[in-house]
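Below are the chains, spelled out letter by letter.
Number of protein chains: 2
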Amino acid sequence: MQQFLTDHGIGTSLVLGLVGLGVAGLLIRTVLASSAGNERMAEIAAAVQEGAKAYLHRQLVTVLIIAAVIFAAIFKLRGWETAMGFVLGAVCSLAAGYIGMMVAVRANVRTAQAASVSPHSALKVAFNGGAVTGLLVVALGLLSVGAFYLMIREFSGNTKVAIDSLVGLALGSSLISVFARLGGGIYTKAADVGADLVGKIEQNLQEDDPRNPATIADNVGDNVGDCAGMAADVFETYAVSLIGAVLVGYLTALNQSMAAVIYPFVICGVSIIGAILGIGFVNVAPISPTKALIGGVVVSGLVSAALLWPVTGMFFPQALEFSGKPVDARSLYICVAIGIALTFAAVGITNHFTSTAHGPVRRLAKACETGHATNIIAGISTGHHATVLPVLCIVGSIWWCHQEAGLYGIAIAVVSMLSLSGIIISLDAFGPITDNAGGIAVMSGLDPDVRKVTDELDAVGNTMKAVTKGYAIASAGLAAMVLFGSYVEELKAILNEDFRFDLMDPRVIIGLFIGGLLPFSFTAYAMDAVGNAAGAVVKEVRRQIAARPGILNGTEVPEYKTCVDIVTKAALRQMILPALLPLIFVIVVAKIPQLGPVALGGVLVGTIVTGLFLGIAMTSSGGAWDNAKKYVEDGNHGGKGSPAHAAAVTGDTVGDPYKDTAGPAVNPMIKVVNILAILIIPILFR
Amino acid sequence: MQQFLTDHGIGTSLVLGLVGLGVAGLLIRTVLASSAGNERMAEIAAAVQEGAKAYLHRQLVTVLIIAAVIFAAIFKLRGWETAMGFVLGAVCSLAAGYIGMMVAVRANVRTAQAASVSPHSALKVAFNGGAVTGLLVVALGLLSVGAFYLMIREFSGNTKVAIDSLVGLALGSSLISVFARLGGGIYTKAADVGADLVGKIEQNLQEDDPRNPATIADNVGDNVGDCAGMAADVFETYAVSLIGAVLVGYLTALNQSMAAVIYPFVICGVSIIGAILGIGFVNVAPISPTKALIGGVVVSGLVSAALLWPVTGMFFPQALEFSGKPVDARSLYICVAIGIALTFAAVGITNHFTSTAHGPVRRLAKACETGHATNIIAGISTGHHATVLPVLCIVGSIWWCHQEAGLYGIAIAVVSMLSLSGIIISLDAFGPITDNAGGIAVMSGLDPDVRKVTDELDAVGNTMKAVTKGYAIASAGLAAMVLFGSYVEELKAILNEDFRFDLMDPRVIIGLFIGGLLPFSFTAYAMDAVGNAAGAVVKEVRRQIAARPGILNGTEVPEYKTCVDIVTKAALRQMILPALLPLIFVIVVAKIPQLGPVALGGVLVGTIVTGLFLGIAMTSSGGAWDNAKKYVEDGNHGGKGSPAHAAAVTGDTVGDPYKDTAGPAVNPMIKVVNILAILIIPILFR
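These protein sequence lines map, in sequence, to chains A and B. For reference, each letter of the first sequence is one residue, going 1 to 686 in full-length UniProt numbering. For reference, each letter of the second sequence is one residue, going 1 to 686 in full-length UniProt numbering.
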């Protein structure tokens with residue numbers, strides 16, 4: 001049995017990946033088969049589709065130039081295999097986001113239509129639209145990594161070359177995901193903030209009022225940011241974690257045992273079954289939306305956990321040595337279980353800090369009574385508080401997994417955690433679809449009851465979005481630790497030297513500080529970018545309203561397209577500097593002879609440490625402010641229109657770039673730093 | 001000559017310390033000799049004095065209980081010498097704050113009176129009042145450390161015992177300074193925010209209106225926070241850096257050479273001459289206030305630099321080995337110069353980010369035009385941006401000093417940086433005095449021209465305050481690095497084992513994360529504390545206004561004392577949890593057998609890394625918001641009363657706990673963690 005798994009484990013996993021793709025295809029058909037509503041709805045949906053497509057195309061062109069340079073460099077310095085991996089990683093990361101988004105912009109209008117039938121059918125359309133992205137992420141991730149590995153191994157006849165080329169794939173997906181997360185994040189929040197500043201505040205228009213020239217841009221933003229950006233981000237974390245585990249398995253297992261290399265693929269393959277069953281559960285369970293969605297995650301986790309027990313036993317019938325320490329199946333299964341448990345912990349803790357049902361958000365809502373400033377102070381402190389428990393859970397997991405199976409154990413926990421992405425991303429991608437559905441309902445003048453249905457689903461979607469961000473950053477932190485381990489092992493393997501990263505070595509301390517400043521500088525630029533791009537939107541909206549007075553009384557249709565255009569250009573221009581920042585720092589540190597590989601190790605860890613805290617703090621603060629506003633709008637502390645509401649809106653607006661631009665973009669940024677470091681070892685340090 | 005210095009270096013330094021005390025005494029006489037104004041002014045000043053004294057006494061009682069427990073533990077576990085050191089450190093830290101504050105609350109009314117004569121005489125009174133604190137900090141720091149060291153060496157006849165006992169002194173001063181910084185910081189901002197929320201926003205009263213029942217508490221706050229709290233903080237950094245350098249010198253120099261132990265004392269002694277000359281310069285230079293103050297710093301720095309060149313040469317006529325590496329006088333002098341240069345860099349960079357004359361603050365003021373949220377977003381991003389340059393400067397200094405003279409070189413750079421505290425604290429303590437003077441001028445109905453003079457000086461004071469915070473946090477970060485080095489050397493010396501803190505060791509990573517979360521959790525509690533205490537003030541002010549309507553039309557005098565009382569109690573209650581947080585974490589990590597000394601090393605560095613970034617970011621954001629408000633009030637972007645001004649006020653209010661409570665309290669917190677770790681080595685790890 002072990003022999004079969006070692007010989008055909010990757011192949012079997014790839015088949016499961018294909019099954020995932022197949023189910024995603026089926027879901028696309030189901031979504032497209034439901035009614036797309038009336039003509040006005042189709043018109044609006046088409047405008048959103050067009051804007052989203054236009055943005056992604058423009059983004060592609062921008063990224064292509066940078067990617068071409070990097071491709072050339074990798075090709076020249078690391079050979080064609082790694083360069084091919086780079087291209088494949090980039091293409092798949094883009095594809096996951098692109099296809100997912102194209103389904104989402106079709107699911108939105110169908111959700112609006114379904115909402116006029118029943119809440120449950122609306123939930124189904126929206127969720128299945130999101131599930132396409134979820135399945136695409138895991139299936140494409142598994143297929144690209146697995147197939148590429150097999151292919152290069154076949155071509156080169158050398159496992160080492162195949163594994164090394166995977167680092168190229170990791171860099172390709174990470175680089176795209178930094179751009180997608182940042183560009184999408186800047187776009188969505190610039191459009192949102194810009195539309196609100198002129199629309200709501202200056203002209204007193206409601207959200208999604210078709211007279212607001214930026215309203216289509218705002219709806220496009222939900223798709224390019226929360227859908228395409230997020231999909232690229234999680235695709236990257238997924239692929240990179242898998243690659244990290246493969247690398248660590250190869251570098252640390254005795255005699256480079258193939259079982260250690262193949263096991264991570266099989267975890268990913270098995271959990272696709274879990275994801276499909278979880279998605280099925282949400283479709284058939286006759287319970288409330290929140291319960292159905294959480295139930296889907298639980299089903300998915302339990303199925304994966306149950307299937308992996310026998311699989312792990314078959315894989316490792318006897319203990320295998322990793323870095324000189326014997327590890328048995330039981331130990332590895334404990335690591336799998338820790339990964340799944342950590343997922344639930346991350347989800348639960350983020351939920352506590354960002355849901356209206358718990359203390360922290362209520363405290364924020366109360367702080368709104370005494371004004372803007374007290375809400376901001378309380379929100380920032382909530383974010384800081386929210387870092388403690390997740391970090392302690394991560395720390396506990398690192399300790400336990402390391403006890404059980406060393407660095408490989410941590411890698412397995414990360415893979416098992418990320419193997420749940422299929423269902424988790426389905427929940428996340430559900431949010432922008434319902435959000436858009438609500439927008440379409442208002443803009444096409446559907447019955448207000450429809451909007452009520454979509455609003456309720458949107459509230460559920462908001463909580464899910466906040467919660468999956470906690471999951472994403474926690475998993476990214478852990479994945480980055482594995483990458484750091486790979487960096488060190490790779491250094492040892494390539495340079496044949498035993499490196500030490502002692503805190504007493506000033507180079508390590510210098511590295512930690514330089515690494516630590518990256519997330520601070522990066523998030524600062526990201527927030528500035530939103531401000532600058534939003535400013536461009538404000539100017540354009542004001543211009544249109546002044547030039548064509550008919551817009552406001554509804555006799556003239558605003559030029560939505562120019563707004564879409566302007567925010568597209570602004571977002572893309574603004575994303576370049578922060579996205580290149582980590583690349584520049586890594587190469588500069590590596591190039592300075594007094595710093596070199598040891599300081600670079602410090603940089604990697606420093607980036608993880610401050611990045612993890614900033615990521616959790618920013619996404620939690622943002623989520624809490626968002627829901628505190630919702631809580632006030634539900635009639636608490638004075639309700640809509642009260643001074644407390646004004647303060648809550650300020651908090652929400654501050655939270656927008658916090659939770660949707662800067663905070664989540666820290667994830668891929670941390671990993672770009674780590675992967676790039678691995679990639680340049682043989683180039684700069686040999 | 002070297003023999004003379006080794007034999008009498010500390011003694012000579014102590015004489016210079018006494019000279020510093022003498023000059024402080026002279027300055028007190030000069031300040032008290034100037035006119036204290038009319039009866040109404042004396043009355044108000046007396047109320048402020050009384051409130052400040054009452055707060056400090058109550059704080060003393062609270063701290064005494066905690067200190068008594070720690071004293072007993074140290075006495076039992078580390079012996080009477082270290083316990084005595086603890087008491088001495090605590091007493092001197094308190095004394096520096098107490099005496100400085102008692103002078104400040106007398107200088108304030110005299111500054112108000114002098115302002116009715118001429119701006120220059122007001123500057124002189126205020127500056128000399130502040131200079132008392134500056135000189136006290138350095139003189140008491142040097143005298144306590146030096147005299148205690150000599151005394152214990154005499155008693156025990158053992159240099160090692162004497163040096164070890166200094167760790168007790170360091171912990172005593174650090175502990176007091178955490179309490180003083182936090183308690184004072186919570187007090188000052190709770191009173192400020194509370195007074196503003198009811199006074200300015202609900203009742204439309206001006207700043208310092210005597211009808212506001214919280215106005216005296218607000219003025220008390222300036223003294224207990226910005227004066228006593230800050231003095232205790234810098235006293236601590238000064239004493240701890242000196243002790244750290246002594247420890248490192250003793251532990252790393254060949255044959256425990258006495259020159260290495262005594263040299264740091266001499267640096268401190270010599271720079272007292274520099275501080276006195278700098279203070280003299282400010283008093284006589286016939287130039288604008290800002291130029292005079294900055295000139296004082298330059299004079300002080302140049303004098304110290306000039307004197308230390310020959311002194312260093314005499315101390316080290318030939319190279320001395322540190323950790324096996326020969327170090328000569330030239331190398332050590334370079335470290336001294338780096339410390340002085342780093343001071344100027346920290347001051348310059350913070351000034352760039354927080355002064356109205358430069359881009360960052362102007363950008364914030366502009367962001368106020370589009371509302372509260374955009375100002376907040378821009379302010380947070382400014383804080384993040386502001387971390388980059390100081391950290392790069394620190395990193396560069398670490399690298400260079402380590403090249404020149406290893407860990408001892410870094411320690412010498414810190415001592416040389418902190419030897420400038422005498423003049424720097426004079427600038428800082430000048431701020432609350434002019435602030436109070438303005439309050440007294442308004443409350444006692446002096447001519448509005450007087451307020452104009454004090455306002456101008458206050459604006460200068462604000463910039464100085466922001467700038468010295470940058471200096472304090474940068475020096476604390478560097479000092480903490482030295483303490484971490486001492487921790488490691490002490491571990492080696494006591495446990496006779498060669499410890500490694502390799503980033504590949506999961507205990508180190510776990511430590512880094514746990515250490516990293518301390519500043520986040522600590523600042524979260526600190527900000528909550530301000531909110532809670534301010535809430536108590538708001539309630540009391542509302543109660544008084546409702547109960548006695550005569551207060552608002554000026555026919556009844558409000559009960560200032562109850563407000564002072566309430567905020568005193570609230571601040572003290574709220575400071576306990578965050579102040580104990582670092583102690584608890586250090587002991588728990590040390591006690592868990594799977595973590596132990598290696599993980600604790602990670603905790604120390606983790607705390608320094610995130611603490612440094614948070615400290616710089618928070619103080620810079622806060623300073624920038626403060627001055628952006630001033631810039632708007634100067635008539636830009638709509639000026640006072642405009643919507644931009646409302647947004648600017650929100651930023652300033654958010655910035656209050658940022659820059660005056662949470663941000664600066666991170667400094668002593670980082671060091672408590674590090675010193676406690678050194679102290680518990682022989683207790684828990686042997």
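Since the hints were made in silico from the structure, they are not lab data. Keep in mind the model is a prediction, meaning the values are calculated, not measured. Do not take every clue at face value.
[To be verified] Here are the computed lysine-lysine pairs in the DSS-like style, where the Cα-Cα straight-line distance is at most 27 Å:
| hint | chain 1 | residue 1 | chain 2 | residue 2 |
| --- | --- | --- | --- | --- |
| 1 | A | 366 | B | 325 |
| 2 | A | 366 | B | 291 |
| 3 | A | 200 | A | 452 |
| 4 | B | 640 | A | 539 |
| 5 | A | 640 | A | 630 |
| 6 | B | 200 | B | 76 |
| 7 | B | 452 | B | 325 |
| 8 | B | 539 | A | 366 |
| 9 | B | 366 | A | 569 |
| 10 | B | 124 | B | 291 |
| 11 | B | 325 | B | 160 |
| 12 | B | 160 | B | 640 |
| 13 | B | 124 | A | 200 |
| 14 | B | 200 | B | 539 |
| 15 | A | 200 | B | 492 |
| 16 | B | 124 | A | 640 |
| 17 | A | 539 | B | 366 |
| 18 | A | 640 | B | 539 |
To see whether the hints hold, each was checked on the structure:
| no. | hint | verdict |
| --- | --- | --- |
| 1 | A:366 with B:325 | violated (61 Å) |
| 2 | A:366 with B:291 | violated (46 Å) |
| 3 | A:200 with A:452 | holds (20 Å) |
| 4 | B:640 with A:539 | holds (25 Å) |
| 5 | A:640 with A:630 | holds (9 Å) |
| 6 | B:200 with B:76 | violated (53 Å) |
| 7 | B:452 with B:325 | violated (59 Å) |
| 8 | B:539 with A:366 | holds (15 Å) |
| 9 | B:366 with A:569 | holds (23 Å) |
| 10 | B:124 with B:291 | holds (14 Å) |
| 11 | B:325 with B:160 | holds (22 Å) |
| 12 | B:160 with B:640 | violated (62 Å) |
| 13 | B:124 with A:200 | violated (53 Å) |
| 14 | B:200 with B:539 | holds (15 Å) |
| 15 | A:200 with B:492 | violated (64 Å) |
| 16 | B:124 with A:640 | violated (54 Å) |
| 17 | A:539 with B:366 | holds (15 Å) |
| 18 | A:640 with B:539 | holds (25 Å) |
Checked against the numbered hints listed earlier, the structure breaks hints 1, 2, 6, 7, 12, 13, 15, 16; every other hint is satisfied.
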